[in-house]
Amino acid sequence: MNTLPFTTQALVAEPLRSLTVNAAEHPRGQPHFSAASGLVCALGRAYVVSDDEHHLAVFRDLHSPGLLHRILPGDLPQSKKARKQLKPDLEALLLLPGTESGEHHSLIAFGSGSRPNRDTGIVIPLSARGGPSAQVQRFDLKPLYEPLRAALGEINIEGAMLLADTLVLLHRGISGESNNAAVHYRLNELRAVIDGKRHTVAPRAIRPYRLGAIDGVELGFTDGTALPGGGWVFCAAAENTADSYADGPCRGSALGVVDAHGALVALHQLADTSLKVEGIAARAHAAGIDICLVTDADDPRLSSQLLFTRL
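Read left to right, the sequence shown gives residues 1 to 311 (my numbering).
Treat each hint with caution, since some may be false.
Result set (BS3-like, lysine-lysine): computed pairs, CA atoms no more than 27 Å apart in a straight line [claimed, not checked]: (1) Lys197 / Lys142; (2) Lys142 / Lys84; (3) Lys142 / Lys81.
Since the hints were made in silico from the structure, they are not lab data. Values in this document were obtained by computation on a predicted structure and should not be read as measured data.
Given these sequences and hints, build the entire structure.
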């Protein structure tokens, strides 16, 4: 669980686009998607969930407004305090592969579990071309989250990824109080929970991580995605908060690489310390790892950004 020093040169993340949408389609008339929290890049699209919305946003290119797809009923209140109390806090998004029986890919959105009303998961079926279906399926994450609370206390699930047939959930620790953790389950256990066939699932493994700090504030996982060969890459933010519920000022963000054995092998601080990076997607190739990121400014008046960098 030893931390690594940052690489000597800070990593620059270039802006690709603002996450603009059609204001007429937004429930509060915003011309943008804010509070982005999870990212999947697949099937020619960037799929984004927000911790402050009931919609999935889908972007086809770097210029056109994204399309909003409702994934939960109703609209959240305008008041920031009331919204925070009622929101499902969707913090992680992963692509679930199709099955041999002919089912297409699906997206799975995960609530953070930081409050009892944040234990909702959502299955969003995709067409063969990648379009989201209007017929989504809600499921209860308590079969996964309650045993995890028994092991860790308060939980805050910020990322989800598949390493072959293993589901890994990333728990964000609290600066100065608790460790981050990568929590392992079998993929078929997730499918059983979605189908309502398992009522309690104990983690197969829980691996703690300390990620270092920026200006004295410890980094906490905000998302992760798989790499070929069993490793993974993650983003993390140094958010100065006392618990899993409250927001706090962000001192900066970082990207890290974990090898197939679970060891942290690289840690890169982002040069722009104003960025709070909340979602990550990656593509490995001979020249390195291309990475897309989405940001959360913790202000609904500001658009989330899609960024690019390379490791």
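Verification of the supplied hints:
A distance of roughly 13 Å separates the Cα atoms of Lys197 and Lys142; the hinted pair therefore holds under the 27 Å criterion. Under the criterion of a C-alpha separation no larger than 27 Å, the hint pairing Lys142 with Lys84 is consistent with the structure, at around 20 Å. For the given pair, Lys142 sits about 25 Å from Lys81 by alpha-carbon distance, which is consistent with the 27 Å threshold.
Taken one by one, the earlier hints all hold for this structure without exception.
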